[in-house]
Structure formats: structure tokens, C-alpha cells
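If you want the building blocks of each chain, they are given just below.
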Amino acid sequence: MNSTPIHSPSGAGQTQDPNSTSVVAIRDLSHSYEIATGDLTVLSHVDLEIERGEIVAVTGPSGAGKTTLLSLMGGLDRVQRGTLQVCGHELATLSGDELAEYRRTTVGFVFQDFGLLPTLNAAENIELALTLAGVARRQRHRRALELLDQVGLSARADHRPSALSGGESQRVAIARALANDPQVVLADEPTGNLDELASGRILAMLMELPKDRGCTVVMVTHNTSIARQCDREFVLASPSEVVS
Amino acid sequence: MTWRDAIRLAVLGIGRRLSRAVLTVAAVMLASALLSSLLIAGDVARSRVLDQVSRGGPLSGIRVDAAAPIAGTLDTDQPSRLGPAKTIDEAARRQIRALAGVRSVLAVTVQPVLVVPPVPAVLASAPAAMRALPKVAAPKEYSDGIVGADLRRASDLPLTVVEGRLPTPGSHDEVAVTPAYVERLGLQPTDAQYVVGTEIEYGSARAVNVLGRRNARGRWVRALIVGVIAQEVDSRVQILAPQEAVIAARLWSTGGDDPRIFGTPESPYKALFVVAQSLDDVPKVRRLINEVGYSTSAPEQLIANVKRYVHVVEIVLGGIGTIGLIIAALGISNAMLAAVRERRREIGVLKAIGARDRDVRRVFLLEAGALGAIGGGLGTFFGWAIASGLAAVVNNYLNTQGFAGVQVGFPIAVGLGGVVGAAMLALIAGTIPAHLAARLPARQAMGDR
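Residue numbers (numbering that gives the first Met the number 0), protein chains in the order written: chain X, 0 to 243; chain W, 0 to 448.
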């Protein structure tokens, strides 16, 4: 693991090298939520660059804005202040439909609680992502079975999430995240609900993604041992302060 | 996302919350059943009332009597008196048929006959007490008239079958009787079933002068009573037969020395039944027939008034049903709002993997529309069943009163309206929930903050 800090709080004002191979480029990113007593700032002046094929762990205490940062990178939330580029997309400027397309084609999500639709079986959950991308029915079924095979669950294609273990559900979620060949995989505590054995397997799969598919992986985790296995660790210290 | 995929997701969404979906569908179904049963009942009531007013014939029917018109009777539904008798022959029939606005003309022939009821006058299956009634056990022959009409076009005639059926067109040995025949036997109108299947004999008389003495010779026909009709041509005519049979009887009578002796009318036809192209054509056709020289009667003004009143009743009934349907639509809206609240995370995940706002909106609208359509379809069917059940009760009452029962059809417009209308209302009710679902931020995929 590269233990060198990747960012300093005083990074504001940095400019991105035009020749940079950065997949993710964040400049002076701040974000706050409206609460009853006013605005709660969860991200303040964040700067971050991630190279293609890197595996970056985003860590920090609860409330530090890890999930918010991931949401912003995934286009789930609107950028309020600063700039955020992913694979050349300036997310602040994208319309709603463009953001949907961005989420469909550029990024893949892996959630802590898997986010599988309970009414669909494993294959159908994967097919759903392909459906939204407009892939033809036969093609998407074949592709879903391939992906399930790659995560070792070809025998569980017809099983609904309720019939799958936590580890199996997360493997299905990873397969779904990879369905449309995303350039960036965003994982929010992907092993948070799993036992040690399943965690190890899921982590191994995520760690292999850059090599196997050329993906960049950004992973939010509380687990320092997992963070240490990543190429880099990006630490969000507190809601109003960012340290590496 | 294609429509097919959206439909599949919507169906799965409904199936996942089946109990709620069932309750929602039940609410729509009940409201739709209320609306459709009211509409069907209103439609049946309208048909029945108009049928009664038009005596079972077409609403645009006009009766033409073998009499000249009297000034001032044209604007009334039923002329209080007729002018001097005037023959209706085939030439007059053709002349009236050629008038503008006339759709069809049916001639009605009446021939005086002597009727001999069977002994006993009811079926063997009738209760013993009924068979023992004096007029049943030993009925007397009586003078009557037999009316003939072209029964091939019975739908153009003011005829309503109370029991059994109409005689077969062209038949010489089948007749139908009126309730007056049943009452003549001392029976109630509800006893008509015991008369159908018995055989009467009727004879038409011919006057013959033999060696200076006037004699009568009869032509007797044995005919099966196949049905009972509600209408009577006039108080003295209690038997309906195919026109061919009545013409044969008339030819026998008129072939004698003096047909008038036995009451055979000079006019070949006692009346004509004219059907105008439409109800609006009735006044014009009546005026033209009057100009030809015949008296007419038609319940046109009564029908117009009845239609107007019944339409008001239908509006009120429809309004009551629509209120029920709107309440059901609110139920759909409530159920869909609850679904949106429960599925925030699911909607977020859908968006996280690339669903657009309109994809989410489409799924929710399809769910609402499907709930409405299913509820509407089932409700319309049950509404028809309820209306049919009510009709059975009403028929039971009408039959005891000697009236023809009502028939409940399945109006296609009500059926389509029930399904499409409920689905449309459900779509409207689902619009706000679907909009809210579509506008949920994608960050819901990460859970509520």
C-alpha cells in the first residue's frame, strides 16, 4: 500500500495537469445538508485525484462524509461547490438524464446492504442494469449468466436475494455493478455486513478488478486492515476538516 | 427501459405487496361494481320503461287505424276518437310504405272467430285445485277475434312475450294468447305457464244461402298455445296467430254470401304498424299518413318525456357511482404513496444503476393503472352480476303482476368504460405518487440521511 498522503487540506488551488491520467479529479469540493438547525457541512474543500486502475480506500470517522463523497462521485447527489470530474465528465454540469446515463455506463455501485431488488432473482437483478442500458433481452440474459459464473454463482441464478447468503448477495451486487463494464467501481462498506470469510472473498474480487478489467475502485471502509490492502488510503477526518 | 420491462417491474412490484394490492383492487372493484350496477340498472330501467311505453315495439312505431283522422288529434299521443271507418287495403299499405321517413310497414289483420278452449283448459301438470276451477274444468266457447301479423318481423311489432314464445311464422297450428285469455279461465297472470302447451280450437264462419235459408258453415283449426303475450290489440282480441293463418280464416269468411253477418271487417287490414326511421321522424311521418287520410297514434311525446327523465336519473346514478370511484382512486393514491415511502431505497438503487426519472415514473404509473384496470374489470363484472341479481328479484315481482320481466344485458360501453375509466382514474390517482417516486434523489440508494 502506498502510505503517502494523497491529499492535503491545503490542496485548494491545485490545478489538474492537462496530461494527467486521472480518472477522478476533485477540486475544492464542499457539500452540506439542510437540517433543522441550519446547514450541516459534511465535506469541506476536498481535493482528490485518482489514477486509472487504482484502488483507493476512503476512510474516516462516522459523519466525516465518506458516503457523501461516494454519492457525489457516483452522480447520486448534486455537486454544490467545487468541481468533480470522473472519466472526463464534469458532474456539476450534467442534466438529470445525463447523470442517469453516467451512472448506467461509467460507474458501478456496490452497497453495504447489497441493494438487490427482492422481487428479482440473482440473474434478473443483474439483467436489470443491462435492461436500463438498453441491452437486448437475450443478450442481457447471457451476459448475466456469464457474470454470475465469474463470481462463482452460476448455480444460484434463479435464487432470489432472500435465498442467498450475505456473501453471495454481495457477489451478485458486484456482478451487477460490472454488468455495463464501468470504468469506476464505487463500493460503500462492501464488507460491512459480512463475516470474515465472505469479507475476504469479496475483498479479493474487488482487488482483482483493476487487473482483470482495468477498473478503478473507490471503496469506503471503516476497516483499517482493508484500507491498508488498497493502493492508497484517503482519510476524511471530520465534517469540517479534511486530512489525509 | 422499454415498456415491456417497465410492465414486468410493475407486476413484480404489485406481487411483492400482494395483500395491499388486493385491498386496493377490492376498493376499486367495489366502487366500480357500484357504478356499473347503477348504470346497468339505469339502462335496464330506461329500456323497460320505454318498452312499456312503446308496448314492446320500436320507439318510433306508429299505429295506423282503418279510420280517417280527426282534426286536432295529430299533436296528441293517443287520439281520443277516430274518424269514419276507412279501408286499409294493399294499395294504401304501399302508399304509406312509400312515404318519406318510413322504415317499415306491417299490416295487422283481425278476423272474428269462435274459440273453444280445451277441457280442462290447463296442462295436466297444473295443481289439482286449479284444474278443479269451474272455468278451467268446463270452459265455455266464446266469440273472439284472432289477430294476425307478419311474425317474421316480430321485432318491429309492439309485442312482449310473457311466457313461452311467439308462434312460428307461417304456421297454421300455433297461436299465442293474451293475459285476458288466462283471466277468462279464472286464473291469475302468474298461472300463464299452465296454459302454454294446451290446444284450442277456433272457427271462422261463412254465411251460405241454401234454398233461401241462411246457414253458417265453419272452418275449424286446432292450434297449440305456444306463448302468452302482454299486449292486446283490442279488448276483444285475445289470440295472436301468424298472418297466413288469419288470412286463410278471413278468405273462408269472405268467400260466403255476406261476410258482414259474422262481423268480418270490410277492410282487409285492421291496422298498420308503421316504423319511422327514427323517433325524430315520427311527427313528420304521422303528418304524412294523416294527409293520406288515416288516423294515427304514437306515444312519441310520452317517449320523449320519459327519455328526458330517465336521462336525469342516469346522471344522478352515474354521479353516485363516480363518487365511489373517486374515493377508490384516493385509496389507490394512498396505497401508492405508502409504496413510494416504503420503496425509497429500492427507487434509489434503481436510479443508482441508471434508471431515469421517467423510468421510475413509468413503473409506478403502470402499477397504479394495473390496479385500477384489474379492479375496474372485476368491479364491472360484479356490477353486472349485482344488476342481474336485482333483475331476478324485479322479474319475480313483475311476473306476479302479470308483466314481462326485464332482461339485463352486458352493455359493452359500460364494460369498456369500467375497465378503461377505472384505469384512467387510477393513473390520475397515481400521478402524484409516481411523480414523487421519480423525483426521489438517487442518493436514497445510500439510505435515508
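These are calculated hints, taken from the structure and not from any lab test. Being a predicted model, the structure only gives us computed values, none of them experimental. Even for Gly, the Cβ is constructed at its ideal location relative to N, Cα and C. Among these hints, one or two may not hold up.
[Stated by the list, open to error] Which chain W residues stay away from chain X? Per the calculated CB distances, all over 10 Å, these:
1. Met0
2. Arg15
3. Leu29
4. Gly347
5. Asp356
6. Pro440
[Claimed, not checked] A partial selection of chain W residues facing chain X, derived with a Cβ cut-off under 8 Å:
7. Arg92
8. Asp172
9. Ile352
| query | Does the claim that W:Pro440 lies off the interface hold, with its Cβ farther than 10 Å from every Cβ of chain X? | reply | 7 Å, violated
| task | Confirm or reject the statement that W:Arg15 sits farther than 10 Å, beta carbon to beta carbon, from all of chain X. | result | 5 Å, violated
| Is W:Asp356 truly not at the interface, in the sense that its beta carbon sits beyond 10 Å from all beta carbons of chain X? | 6 Å, violated
| query | Can we confirm that no CB of chain X comes within 10 Å of the CB of W:Leu29? | reply | W:Leu29 clear of chain X: closest Cβ-Cβ about 28 Å, beyond 10 Å.
| message | Min Cβ distance, W:Arg92 to chain X: is it shorter than 8 Å? | response | 70 Å, violated
| query | Quick one, is the W:Asp172 hint okay against chain X at 8 Å, beta carbons? | reply | 70 Å, violated
| task | Measuring Cβ to Cβ, find out whether W:Met0 lies farther than 10 Å from everything in chain X. | result | 6 Å, violated
| With a cut-off of 8 Å, does the beta carbon of W:Ile352 approach a beta carbon of chain X closely enough for the hint to hold? | 5 Å, holds
| message | Please verify that the nearest CB of chain X lies beyond 10 Å from W:Gly347's CB. | response | About 8 Å separates W:Gly347 from the closest Cβ of chain X, which leaves it inside 10 Å; violated.
In the structure shown, a violation is registered for the earlier hints numbered 1, 2, 4, 5, 6, 7, 8, in ascending order.
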